[in-house]
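Construct all of the structure, not just a fragment, from the sequences and the given hints.
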Amino acid sequence: MIETVSSERPDGAAVEDIEKELVNLWRQVSSREKPMLRARVFTLLVVTRVEQEAMMAECVVQLAGRHPARNVMLLLGDADAEESVDADVTLLCSMRPYARCAEQIRITAAGAALERLPAAARSLLTANLSVVLWWTLPPDEDDVLFQELAQLSDRVIIDSSALEEVQGLRDLPSEAQGRRVSDLNWIRLGHWRESIAQCFDSPHHREYLSRVEEVTIETGQNRAAGWLLAGWLAARLCWEARDGSAEGVELAGANGHTVRVRFESKETEYAVSGVTLAGEEVRFEVRRVSETCMQSIVELPGTPRLEQVTMLPDETEPALLSRELDRTRGDRIYREAVEAVRGMLERWQ
Amino acid sequence: MSENPLREGLRQRRTPEPAIIVIFGATGDLTERKLMPALFRLAQQRQLPQNFAIMGFARREWNDEEYRNYLTETVCEHLGDDFEKDAWESFVQRVFLDPGEFGEAAAYQELARKLEKVDEQFSTEGNILYYLAAPPEWFPKIADQLEDAGLVNRERGWQRLIVEKPFGRDLQTARDLNQRLTKIFAEDEIYRIDHYLGKETVQNILVFRFANSIWEPIWNRHYIDNVQITVAESIGIGDRAGYYNSAGALRDMVQNHMMQLLMLVAMEPPLEFAAGPVRDEKVKVLREIRPIDVEKDAVRGQYLAGSVGGKPTIGYREEERVPDDSARETFAALKLEINSWRWAGVPFYLRHGKRLPKKVTEIAVTFKQAPRVLFPTELTDDLMPNTLALRIQPDEGISLTFGAKVPGSTENIRNVTMDFDYGASFGVESPEAYERLLLDAMLGDPTLFTRRDEVEAAWALYDPLMKTWDDAESVTTYEAGTWGPKEADDLLSAEGRKWRRL
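Chains as they are written, first to last, in the numbering used here: chain A, 22 to 370; chain B, -9 to 492.
Note that these hints are calculated values from the structure, not bench results.
Just so you know, even glycine gets a beta-carbon here, dropped at the ideal spot from N, CA and C.
Certain hints may be false.
Claimed, not checked - Residues on chain A that point at chain B, a partial pick, calculated with CB under 8 Å:
1) Phe221
2) Ser311
3) Gln329
To be verified - If you anchor each label on the Cβ, the simulated ranges turn out as follows:
4) B/Pro302 with A/Glu328: 53 to 59 Å
5) B/Glu110 with A/Ala75: 55 to 61 Å
6) B/Gly228 with A/Thr237: 54 to 60 Å
7) A/Thr337 with B/Asp443: 56 to 62 Å
8) B/Pro(-5) with A/Gln168: 31 to 37 Å
9) A/Thr337 with B/Asp479: 51 to 57 Å
10) B/Ala295 with A/Ala75: 54 to 60 Å
11) B/Gly140 with A/Arg304: 56 to 62 Å
12) B/Lys131 with A/Glu328: 36 to 42 Å
Printed below as a string of structure tokens:
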């Protein structure tokens, strides 16, 4: 359970007083029977709209249990409203399994004050620790606030599922101001990629990759994840886009044969609910069978059908973020997948 | 296509090749508590190949279905929150049983037949990982039978052998076992397990030492006064009386697990983090340790009745199936000296015991005092030397003790601790040691397993001491719930030192 210890000032704190407020809060918790650990592994800047605050705040609290950080939430109010800035500070403390606290700073800005958010964030960064920007709005490389905050950061996390149109994937930044970009929509596909890859770990199964002629990706309403998955397959298997439409793409396989990728819309809450790679007498299928499990099926000529059900990892937003934050290197595979998606979308034009 | 192009960039760059895991001792405690849960978790994390199967070998006359039911009943409780019905049912369909006696040739012929069938069903390409979780006296016989049944042929795929501890009970038996096994399996096909090496916090010793530049300049006799390695257990021997009364604390913990800790603390930087160089450096440490002076440098003890954690406990001789006159040690304290340029003159103190006040495993590196104390003695009386403690369990982490000025106008100095807590910083549970070790063996990476020369060097060091203790007719005692016999304190106080209070 997370306990919050908040600043006692009812009117909030001025941005310049935040550090002072934090010192006071730490003194409060240090005087307890069991000393609280101050653990910080980075500074997390979260940019979101005021309306989404509650949801994001919950996510940040959950994340604090796994990655203790200084969390700076930048809440964007109405740009046309009167200029205003409010700030408050809280310690998010948990006793179990470890007695420790993480710092949360919330700055709400509206009107002309929005422009000053990067400066406020700059003054709150923790010395010598890396800075992660979590941009929860639709990714837009031309947005000035995005640019300035990305410049302050070592890595940027976006979510391409926030894009309204699949075509928006063409402008997806794979780098922001030279900073590494991670895409939560791509991270959500991690277990799909692992399960599909696992079908081809056996050298015997791998021989059949070149026989794949049709890929069917079953998607929910938002198809961005499905396209990213198709981009990943194309990039890894050296498939070149020849022709495309909203329903699918035609590609040239590595040995010149035609591979068709089809997107099938399903009534499902999941971004992707099934993927099938098929060819003559060959079928590799990965399917979500319940809220917690996936099933993979392999059918090859002359061998018994193989089936396996495995559990899905925690797919909540904090868990996804947490897994991504564990990653210490840039993701070349993502960049190449995005590049392949661009190629496919260009053929669609 | 030699590599899987879809694996690139995934969390796990390499997965093991298709294989069948054959467990000898398939209905034993280790299989139930550790091996099956570890294999299930690995499968759920997609760390195992899709083409894998498990074949149990045990005396019980069960068919596959009965064995699966037994596993479902027993393993689930060890999985806790990791149990998921559909996933378990899918997993357990890949588990089979070959009932038979370990010494019965016909059972191995049947095993060969069943393995062929499972290989066909799951396309495991002839790869087999044998796991010896059977009673140790059967190890050589099982290897012989495998060979006789044509189950170590390497004509199709690889065959590897994991050997559980104890690996022999002295130098001679370890050598004999090595000889018997290496007649059938090559050294690089044998994986001698020491589960301590599978623990994340033990592996972190190497990261701590060799991924940080600040420790190496002071990690030597110029700055370090002594090193204390403690593995304390609050429990007694449980239902292991038969094994324990024959093995004792020295064989059970000191000669293997504690020596692994010592080697990791004392070894020189390896050329690279790979099986050969790492194990070369570890063996060098063992060879540099001076022979133990049995009279001067070793203390043993046996627990009497007492109380641990506020609960009354019985003495060792009152434990079920322990002889009334047993002189077996349940406590050992030792002083070891490493005769190298880095460590000459730095004592390594080891202590391990059952029924001690608490369960704790830690390595404490105590640094030398500052060359001259500038502050008045009365203000620095309580000042302890700087100590770096690597906590292996529980509360895994690292802490550094140093002196700091007490706020105020006087120069009072008090000891303070700077703590790194594994859980607080990473907030995630470490995987079970067996998960890592099983995966490494399937991948063919022996870095975290012990090599033949390493095992034999460790036995060679302890052989004289074990012989003396095995032959002894009496043993010093200590009350359960204390830190061992007084003689253990004397071992250090004779040199002006004392055990760290834990």
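Evaluation of the provided hints:
| no. | hint | result |
| --- | --- | --- |
| 1 | Phe221 | holds (5 Å) |
| 2 | Ser311 | holds (7 Å) |
| 3 | Gln329 | holds (6 Å) |
| 4 | B/Pro302 with A/Glu328: 53 to 59 Å | holds (54 Å) |
| 5 | B/Glu110 with A/Ala75: 55 to 61 Å | holds (57 Å) |
| 6 | B/Gly228 with A/Thr237: 54 to 60 Å | holds (56 Å) |
| 7 | A/Thr337 with B/Asp443: 56 to 62 Å | violated (49 Å) |
| 8 | B/Pro(-5) with A/Gln168: 31 to 37 Å | holds (35 Å) |
| 9 | A/Thr337 with B/Asp479: 51 to 57 Å | holds (52 Å) |
| 10 | B/Ala295 with A/Ala75: 54 to 60 Å | holds (59 Å) |
| 11 | B/Gly140 with A/Arg304: 56 to 62 Å | violated (35 Å) |
| 12 | B/Lys131 with A/Glu328: 36 to 42 Å | holds (37 Å) |
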